Structures are given as structure tokens and as C-alpha cells.
Amino acid sequence: MTFQFNSLQEMWAMAGHGPYVWTAVLVSVAVLCWLLAKPIMQHRQALKSIARNLQRDGGQLDKEQPKKKNQSTPVSEDNK
Amino acid sequence: MASGRSWNWFHRMGSPRWFYETTGRWLPWLWVLTLALMITGLVWGLAFAPQDAKQGNSFRIIYLHVPASFLALAGYYIMAIAGAVGLIWKMKLSYMVMKSAAPIGAALTFLALFTGAVWGKPTWGTYWVWDARITSMLILLFLYLGVLALQYAFHSREAGNKASAILALVGTVNIPIIYKSVDWWYTLHQPATIKLTSAPSMHPDMFQPLLVMILALYSFYALALILFTRAEILQRESKTGWVRELAQQAHPAQSAGVTK
Amino acid sequence: MPILWHNVPRKNNQIAEKSLPTESLLTVDELAYERDDCNVFNPINLVVEAGDILQIEGANGAGKTTLMRLLTSALQQTSGSIAYQGQSIAQCRYEYLADILYIGHQSGTKMGLSPAENLRWMSPASTSKADITHALENLGLAGYTDVPCYSLSAGQHRRVALARLATSQAKIWYLDEPFTAIDKQGVKAIEKQLQNHAEQGGAVVLSTHQDLALDTVRKYSIEAHADRGALQ
Amino acid sequence: MPILWHNVPRKNNQIAEKSLPTESLLTVDELAYERDDCNVFNPINLVVEAGDILQIEGANGAGKTTLMRLLTSALQQTSGSIAYQGQSIAQCRYEYLADILYIGHQSGTKMGLSPAENLRWMSPASTSKADITHALENLGLAGYTDVPCYSLSAGQHRRVALARLATSQAKIWYLDEPFTAIDKQGVKAIEKQLQNHAEQGGAVVLSTHQDLALDTVRKYSIEAHADRGALQ
Amino acid sequence: MMGASGGFSAYVRRDLLLAYRRRGEAASPIIFFLLVSTLIPLGVSPDSARLAELAPGIIWVMALLATLLSTESLFASDYQDGSLEQMLITPQLLVLPVLGKVTAHWLVTGLPLTLVSPVIGVMLSLPTAGTVPMMASLALGTACLSLIGAVGAALTVSLRKGGLLLSVLVIPLYMPVIIFGSASVQSAIDGLNWFGPLAVLGAMLSAAIVLCPLAIAGALRLVSNN
Amino acid sequence: MMGASGGFSAYVRRDLLLAYRRRGEAASPIIFFLLVSTLIPLGVSPDSARLAELAPGIIWVMALLATLLSTESLFASDYQDGSLEQMLITPQLLVLPVLGKVTAHWLVTGLPLTLVSPVIGVMLSLPTAGTVPMMASLALGTACLSLIGAVGAALTVSLRKGGLLLSVLVIPLYMPVIIFGSASVQSAIDGLNWFGPLAVLGAMLSAAIVLCPLAIAGALRLVSNN
Ligand code: HEM
Ligand SMILES: Nc1ncnc2c1ncn2[C@@H]1O[C@H](COP(=O)(O)OP(=O)(O)OP(=O)(O)O)[C@@H](O)[C@H]1O
Ligand SMILES: Nc1ncnc2c1ncn2[C@@H]1O[C@H](COP(=O)(O)OP(=O)(O)OP(=O)(O)O)[C@@H](O)[C@H]1O
Ligand SMILES: [Mg+2]
Ligand SMILES: [Mg+2]
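Heads up: the protein sequence lines correspond to chains L, G, W, S, R and B, in order.
Position 10, counted from 1, in the first sequence is what my numbering calls 10; the numbers after and before it change by one each time, with no gaps.
Position 124, counted from 1, in the second sequence is what my numbering calls 124; the numbers after and before it change by one each time, with no gaps.
Position 212, counted from 1, in the third sequence is what my numbering calls 212; the numbers after and before it change by one each time, with no gaps.
Position 231, counted from 1, in the fourth sequence is what my numbering calls 231; the numbers after and before it change by one each time, with no gaps.
Position 106, counted from 1, in the fifth sequence is what my numbering calls 106; the numbers after and before it change by one each time, with no gaps.
Position 65, counted from 1, in the sixth sequence is what my numbering calls 65; the numbers after and before it change by one each time, with no gaps.
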């Protein structure tokens, strides 16, 4: 197994095919990264908004009654 | 009844919480595996694999193109099976998996098309030809987009799930038909001037990195699917105790702020 | 097919069978329905006997329409059971459906057809032409039997749907706000029809916010589930 | 433009001007409407003063909705005149339209938008966000302000349309069967709103088959034209 | 209740009556077919030799679009006026009324399209050898299209405004039909055996008759409820 | 009443909001455009030389159909839920809300179609010389199509179920647009002057902006008068 190019520049150029190969690589990497980043962001946001809702309900974590009734609290309070 | 116990595993697996906790344990390993395979495969393929006699360096796109194409196709079946399980056994988790599989599959199909098109320019001199396989890949993209569009068109989560599950199933019946008919159409209309399989047997030096990349994408697929599903679980189960507990652990400061 | 698309109720029907001796027309037991993981109303228990007129009461959004649609099997309950003459309606689905009549908020009349055509289409095959004309005329639609429904007023349109009551051979009538847009005389005429039906051994389940002028009406109050408050 | 699409009423408005001294809000004079060469109702004469609540009564198909649509200028009368503060509404069309509010059988709410968005859209530009929330909450829609309207029950949906009453700055309210699908408490709340509006110098013209619990209501009975009977 | 009206033939009859009441509209698929076919020469080329090459494909694409457009309203008005709800509670297997509605739909769109297609063939200079295969393939193919389209229509029925969404769901599923449909016409023009593709269309139709009503019934039950 | 909501921009904003709420659907014209464009090679021929000849015409026909399909719902849902009636009694000139609605329609259909057309150009092997003229002509032309289509939509609105009838009314009116639209692309490919046909399109658009709203407003008033 040998490095196929004499220099990094040469590898970037790929004997004229560089633009094609590297667009393919960059777009692929971008799409794959997006596919991982998106759920991670969603996960974080979900945790955050659940925590915020809990806080709005009075900060009590009630394991016994997960479906505790919540007297409708004004929505405007939660943007702290 | 005896069968009662043997179905236990099935029901346990259907529990979002079980899924969340189990996959939580797998995740670190999957991350390591995916990144290792991906980096190895890419560096090997882009820098160390010998260049193709006919196509030169442009052939290196194969290391992205072929794995993406494989997973795009396999992903559809995963999505459809998840949908079927959801419809038949009314399993919530299964719908969540289906919903997660749709964007991943669509993105990979897009990648297969994109890398193929970019590859086509240096090799065939054009970005696009109406080849049988390419056409059926395009149709696959449309099927994915249909499932996605349907999912988001409904306000009610349940209705969206059921509708897209039915569509995915109908699509599954159609994929082989589509593939066969497009294949037949192509041979009917025009002699095979361009063959995707340029070389029937690949040199092992070229093939080994390809194998690594295929494995890398499988592992990536599993990782992405699990991540998407976990995010979905959190959103849907936000009213259950265990998710609330998780949220509070993750953001203790916010929850504590109230008592002051 | 039906097995594929319908939950078989989770409770087995021993309970329903036990209740056979009482021979209730309809027995609803701990009926609950979830929409997006959220209960619509508190579990419902009720019994409808032949001869009953049952008025479902409840504030707007309490779940009256949802209940009606569950009872007619247009929706599938999340838990609980509905038994018809002691047998779960999932088991005797077609017998049950043949014995009920449902008129909802949307009445199912076709705008492009005339009242007579609509009624012909919605009535049992055995209904004669004279019966149909008669049913329409009784509801004040004489002279309107052959105009297209889209040139009717709101109340006339509703009357076309209600004319089904006269031609129907169903035992149980489910009527969701039947009096919408109907004038006072119309309301009286329909009330009388309900009473006749009950006296002949049928049963009526209806939801309306108006007070009925009938004295034999039983009432059932339905309440939104506490969950629903929490969601919003 | 408006001249192109509207019949200028055939009577000249001397009569309307003569009635100026009385300063009636709305004067309807020998109003008639023909559909396919056939009069819908007997010519209508009525006067609405500030502070009036006028209930249009009539059997189904008498022509209440038709009258409402004539009054709001959505339909063009065949003969007769409608004058707003002494001036024909064809002449002062935009002033008149700016001063009225119409809620018909179909309420004009968009199913895809939320109640808050619908109300925002249907209210004067000056309405604040708080006003909108307040109007919806007053009608029992707290907690439903941000769900799409198609997931509301029939009565909740109607309440969204009626919430416009609270944000409107119109002088005359035209309400065609406003109480459809509304529960008893809702009816009371709305009746109170009507009364307030009348007390503050506005006027309400409404059609409903239910009896109102207000004592200040004037009634106007509308009758189908004799022609119509002859036709059928 | 609903007596015979729940069955297959009752629904066929009712939908035919409704179509008859709106004759002007019922004729629209044909007129659409004719009109769009005249757009092609305007947009592309009036040269008859070139049109002849395109004709089989164009005719099939236009037939597909005409069917698609009319599929949209298959369940929509039933949903709005509440008769879909009544259909769901008929004391029969749901597939019967469903098949009835689809049959009526084919009778007022696919069948007239098939009958009028020779005219368009002439307008687009389709070689005469292609006429019979075209009619045969259109007859079978449009029935497939109606069935597949109905699945899409059932899935989007509660979305109120699903015209384009429906196309997106359904067109990918239409692809095999159009391939074999236009192939059979093309083969006949080229003097090849055109029964092969036609047989495939027939097989697809049989499969669709069995499977699509199930999918439609399932979609109506599960999705129209929310 | 109705305050600012009666005006032009309020209607633009509302309709954009509605489209945004149904994103899945709002993207549909584009996907439809892409999908139908793939039908052509399947039906006609995958040969790129032949496709290149057809490309300008096909792209224009498909853009026309995509606009047409989405035009249908322009006033239909407003009619059904009563907001059309409310629009008719806004204290403003009716042309303002009408123009607002048409503008919003173009923003969610014509504009995206124009932006996505180069992709379809590549798929149908459109020579690169045609790309810019195609986009320019589509931008102007789809605006014309939206305006003309709205006239048809207004006329058919009271018929409840006017999908195909609308096409029949409107397609003949679309013909000049498609002729000049595809002509400008074709001229550019052939190396001729393509500004001429484009200028004609521009002139048609100006005329349409002036006349169509009047016709639409008139149609809406007449239709509601029953
Ligand atoms: C947009 C264009 C393209 C699309 C959509 C496409 C699609 C596909 C698909 C779906 C596969 C996987 C098939 C399977 O799972 O067995 C594949 C494999 C492959 N493609 Fe492409 N392709 C495109 C362009 C190209 C080009 C331009 C080349 C090279 C000249 C190429 C070379 C290959 C090779 C070598 C394989 C793997 C060998 C095989 O499985 O037969 N593709 N392509
Ligand atoms: N679009 C129409 N075309 C033809 N005739 C119509 C149309 N709309 C209503 N009519 C007829 O005009 C008459 C009056 O109708 P209108 O809707 O005004 O009655 P209404 O008093 O509002 O009745 P309801 O109490 O039922 O609402 C009715 O006889 C009806 O049949
Ligand atoms: N399609 C739907 N999607 C989501 N939620 C819905 C849907 N239909 C109804 N709901 C909700 O379910 C609850 C019960 O609705 P339902 O229509 O059964 O009420 P109802 O008692 O019939 O009220 P009304 O007196 O107004 O007719 C309401 O809070 C409503 O918001
Ligand atoms: Mg209700
Ligand atoms: Mg009325």
C-alpha cells in the first residue's frame, strides 16, 4: 500500500479530476455530518424544553404521578 | 400460556424506554466504530488505493457512491418493515424508527445520485443519463420524499405515522416492479452503451477500501438511526416520569431556579 | 381484514357475556380514547336499553362527537368495551352496523343530488318511492324533493339528512346535534319522531345543547379528561 | 369598479335622505330579492337604531340568510333600498363595510391556522396580541389558542369565529345563527356580549331559532314569498 | 342500515349518477387530454415526423395526468360532506364500496380516455399500427392508474388540500404502468410483438385489483379518522 | 372591519403563512415538476439527443401543468370556509386582496419552479445556452400563468369540484404564454435573438397585471351572487 500522490497539492488536483472528487467528498461529508448533528440538536432541545416545562410546573419531579394535572400556566412566563 | 412468556422480549423491545437505555449503552462503541471505519476507508480510498486504468482518479468517487447506494436501498426496506410492524402490532417504537429512517434514507439516496452525477461528468461527459439503475434510484428518492411529505402533512402524529407506513408498504411492493420495469425499459429503448459495472472483477487493492467504506456506512446508518430515534423518543415521551427525570438531570439549574 | 385494522378489545368478553341476562341493547364499559397519547374523556360507563332516549351532555369539546364515533365504530377505542346485546361490537360488527343509524355534524348528503335521490341512496333498499316522498314531505320539504341540495337553506339541508329517520329500520339512532339550524316546528316534529321510535322499542342516543321537550329523556354528562388540561 | 359590478339601486335616494332627521343606523325599504325570477321573501321594511338587538325570525328557508347577505352587500337586491345613516349603502359602500361585522353559517376561519392566527387575521390591525388572547380565553379557548383549527370540536370552531366580536370595532353586527353548536354557558357569554354592544350604542342583527334570554330583543318575522309556494 | 347501498354496485351507480349530474365536469378528463395534447406541438414542434416518434410517450403521459387530476376528488367530497364516515360504518366489507367507487371512477375517466385516444393519435400522427395496442394498453393501464391513484387519494383525504401532494405520492408508483403502456405501443409501431408488455400490464392490473382495495380501505380507516 | 387585513400585503402574508403551515404541500409544485419531467424520458425515449430537442417545450408544458394544478385551490378553500364571503365585504377595492392572493401563489409556485428549472434542464439535456433564457422566461411566464389561472379559479370556485373544468377553461388562455416562453428558449439554443419573445412575455405580463385582477374580482362577485 503506497501513497498514490507525490504531494498534497497533487492529491488536491487529482490530475484534473480534483474538482469532481472533492465536491463529491465534501458534499458527502457535509450530508453525513448533518445526519448526525440534526438528531443531536433535537435531543438537546427536547431535554431543554422538558426541563423548562417542569420548571414552569413548579420544579417538582413527581415520579408517582407522571401525568400530574397542570393548571394552565400562562405561556408568557417561560422565556427566562 | 407458554407463548405468553416467549413474547415478552418482543414487548420489552417495544418499550421506548428499554430502547433508549439499551442503545445509550451501545452508542459510545458505535461512534468509535463508525469514525474509525469511515476515516480508514476514506483515507485508504482517496490516497492509497491505486488509480483506475481507464477512469483515472475520478474513480475514487466509488468509495462514497457505492456504499451510499447500498444503504439507500436497504434503508427503504428497513423503513417499510418498521412501518409494517407498527401497523400490525401497533408498536409506537416501531413508528418512531420508521419516521427516523425516512430522512436518513432520503439523504443517502440524494448522495448516491449526487456522487453518481458528479462522477458521470468526467467519465461519460454528462451529469445525467437515463440509465435503468439511475432512473430507479431517482424514483426511490421520490418515494422517500413522498413518505416524508406525508409524515409532515398531518398535524396529528398518529395519522402521519399510519399514513406514511401504508405508503411505505405500498412502495415496497412497487420497488421490485419499478426496478424490473425500468431495467426492461432501458434494454428495450437503447442498447447498453454505458455499463455501471465497468470492471466485473475489481482489483483487491481497490476492493478492500470499498469494503471498509461499505461497513463504515452500515455502521453510520445504525448510528444515525439510533440518534434520530432517541431524539424522537424524548419528544414523544416527554410526559413520562423517566424522561422528566432525564431532563432534570441534564438541566438541574433550570429546574432548581424555581424554588428561589 | 377487519382483524388487521381493528383492535380486538383487550378485555375478554366474559364480562359482556355475564351481562347477557339483563339484555341491554348497548353496554359501554370503561370506554376510553386517546388522541396523540392523551385521553379525551374520563372512562365512560353507560347502558342503553330498548325504549331509552339518552341525551349526551357536555361542554364544547368535552368529547360528545368523539363518543358518538366510538359507539358507531368509526373510531377505535384505546381501551374499554362496547357490547351490543351482550356481544362485543368487534365480534358482531356487521349485525351491529346493520342495526344502527348515525347522523353526525356532517350529514352525508351529496350537494349535487336532490333530496329524493339522497334519501333513496341512504335508505334501505326496500324503501319505496312513496315512502321517500312521504318522509321528505313530513319534514316540510314538499316541493323541494327534486331540486339539487346546494340550493337549499342550511335548515332544509339538515332536514334532508333527518328524513332518514323515517325510512330507517335501525334499532339504535345516534344523532349528533340533530337540531342544528332547524326551526322550532321542525324540532318538535323530530322530537316526536324520537319518542315514537323509543316507544316502539328502539333507542336514541343524541347530543344536543338544547333542552328537549320530552320527559322520558335520560341524561349522561361527559367530562373532558384531566390530562387534556395538562397538555395545553 | 364598484359601479361596474353592482346594480345601483333603482329607487333614487330621496327617500333615504328624507329619513335622515330620524338618524336611524339602518333603514331597509321595500327590499326584495329574486332568485331565478322568483321572489324569495315578501318585501322587507325595517329600521335598526343604535342600541337595537334585532332577531330575524322565520321558518327554515324563509330567507334569513338571504336577507343577511343582502344587508352586508354580499348579494345585490332586485329592488328596494338599504340606507346606512340615511345614505344608500351603494353610495357609501366602504364606510359602511368598515362599520359592519358579518358572521355567517360558514365562519371564515381557516382550518390550517390556529385560533390566534385566525383571529389576528380577522381583527382590525390595531388589535394587540393580548387582546386576541384575551378574546379567545373569554370564550373558553384558553389552551387551544395555538393548535390548528381542524383539531377543534364543532363548538370550539364556532367559538373562534365568535371571538371576533370582542376585537371588532364595527357598529353593526350581523350574526347568522351564531349559537350553532355552542353550549349553554357559551350562549350566555355571547348574549352578554351582544347586550354590552347594544348598550354602548352598537346594533345587532341576528337570526337564530333559539329564544334569547335578553329582554331588550326586538323581533322581525320574515316570510317566504307567496310565489315560492306557487312554484313548487 | 344502508341496505344494498353499502355494496359494490350501489356505489358504482351513485357515483355514476353524480358524474352524470355534473356532465360538464365529467367530460373534462377527455378535454384535458385533448387540450394538453395540443400544447405539445405548440411547445415542441409541429413537424409530423417528429411528433410521430413522440406520440406513444406523449399520449401515455397525458392519459396519466388526466387520470391523476381526476383522482384527487375521488374521496375528497365524500370526506367533506360526511358520506365517507357513513361508508366506514356500512355493514359490509369496506373493500366493496371502495372497489365500487374506483370502478365508477374508471368508467368516467379511463374508459372515455381510451375511446377518444384514436383521435389524439391522429392529431399527433401516430402510425396506424399503434392504434389498437394503444387502446388496449390504455384500457388496462388506466384501470391500474385509477386503483393506484385511489390509494394516494385515500391517504391524503383528510388533508383537505392535497392535489399536488397526491401527485407526489402517486406518480412514482405510476412509473411501471407508463413504461409498459408506451412500450406496447412502441413495439407495435416498430413491428415487434406487443402482447408481451400488454400481458405485463394485465398482470399488474390483477395484482392491483387484489392489493389496492386493501390499502385503500386501510388508509381510509386509519387516516381519515383524525 | 377587517382593518389592514383587507389589503394587499395582509393577504400575501396570510397565504404565505398558510403555505408555510403546509410545507410538505408547498414543496409539491417543485416535486411535481421534477416528477413529471422524469415521466417524459420514461414514456418517450431516454436518448439524450432526442431529449435535448424536446427539452424547451417539455419544460414549459410541465411548468404550465404544475402552476395549473396549484391554481385550483387558490379560492376553493376560501369559498368553502366562508372567507371568500368575508373578502367580498372588506372595505377596500376587491382587486387588492385578489392581487395579494395571486402574488402569494406565484411566490410559492412560479418562483420556486423557476429556481429549480436548471436541474431539470440538466436532466433533459437542455443545451447550456438555454438555461438563462429558460429561467427568465419562466419567471415572467409563470406570473402570467398565475394571473390567468386565477381568473379560471374564480369562475369555477362555486362549482365545488372544478379541478378539470378549470384546466379546460384556462389552458386555451395559456397557449400564447407557452408559445412565446418556449420560443425564447429555443431561439437562445439556436443562437438567435431571444429577447424578442421575452419582451412579448413581459408585455403580456403587464397587461395581465392590469386586466386579470379586474376579471377575477368581477368573477368572484358574480359567482357569489347566487
Ligand atoms: C446519478 C448517477 C448514478 C446513480 C443514481 C447511480 C446509482 C447506483 C446504484 C443504485 C448503485 C448500487 C447498485 C446495487 O446496490 O447493486 C450503483 C453502483 C455502482 N455505480 Fe452508480 N450510479 C450513478 C452514476 C455512476 C457513474 C457515473 C459510475 C461510474 C462510471 C457509476 C459506477 C458504479 C459502480 C462501479 C457501482 C458498483 C458496482 C455494482 O454494484 O454494480 N455510477 N450506482
Ligand atoms: N344558492 C341557492 N340557489 C338557489 N336557491 C337557494 C340558494 N340558497 C338558498 N336558496 C333558497 O332560498 C330560500 C331562502 O334561503 P335562506 O338560506 O335565505 O333561508 P334561511 O331563512 O336562512 O333558512 P335556514 O333557517 O334554514 O337557514 C330557500 O327556500 C332556499 O331553498
Ligand atoms: N381531529 C382532531 N384532532 C385532534 N383533536 C381533536 C380532533 N377532533 C376533536 N379534537 C379534540 O377532542 C376534543 C373532543 O372533541 P369533540 O368533537 O368530541 O367534542 P364535542 O363534545 O363534540 O364538542 P362540541 O359540542 O363542540 O361539538 C376537543 O377538545 C377537540 O379539541
Ligand atoms: Mg361535537
Ligand atoms: Mg340560514
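Just so you know, these hints were derived from the structure itself, not from any lab.
Quantities reported herein were computed from a predicted structural model and do not represent experimental measurements.
Hints are not guaranteed to be accurate.
[Stated by the list, open to error] Derived DSS-like pairs: lysine-lysine, alpha-carbon spacing no greater than 27 Å straight-line:
hint	chain 1	residue 1	chain 2	residue 2
1	G	K239	L	K48
2	W	K219	S	K184
3	S	K192	W	K184
4	G	K180	G	K90
5	G	K239	G	K90
6	S	K219	S	K184
7	W	K184	S	K188
8	W	K192	W	K129
9	S	K219	S	K192
10	W	K192	S	K192
11	S	K219	W	K219
12	W	K129	W	K219
13	W	K219	W	K192
14	L	K38	G	K92
15	S	K184	W	K188
16	L	K48	G	K54
17	S	K188	W	K188
Evaluation of the provided hints:
1. G:K239 with L:K48: Given pair G:K239, L:K48 holds - Cα atoms ~14 Å apart, limit 27 Å.
2. W:K219 with S:K184: Given that 27 Å is the threshold and the Cα spacing comes to 15 Å, the pair holds.
3. S:K192 with W:K184: Within the cut-off at roughly 23 Å; holds.
4. G:K180 with G:K90: 33 Å, violated
5. G:K239 with G:K90: Cα-Cα ~20 Å, so holds.
6. S:K219 with S:K184: 22 Å, holds
7. W:K184 with S:K188: 20 Å, holds
8. W:K192 with W:K129: 23 Å, holds
9. S:K219 with S:K192: 18 Å, holds
10. W:K192 with S:K192: 33 Å, violated
11. S:K219 with W:K219: 33 Å, violated
12. W:K129 with W:K219: 37 Å, violated
13. W:K219 with W:K192: 18 Å, holds
14. L:K38 with G:K92: Holds, because 22 Å separates the two Cα atoms, which is no more than 27 Å.
15. S:K184 with W:K188: 20 Å, holds
16. L:K48 with G:K54: 54 Å, violated
17. S:K188 with W:K188: 23 Å, holds
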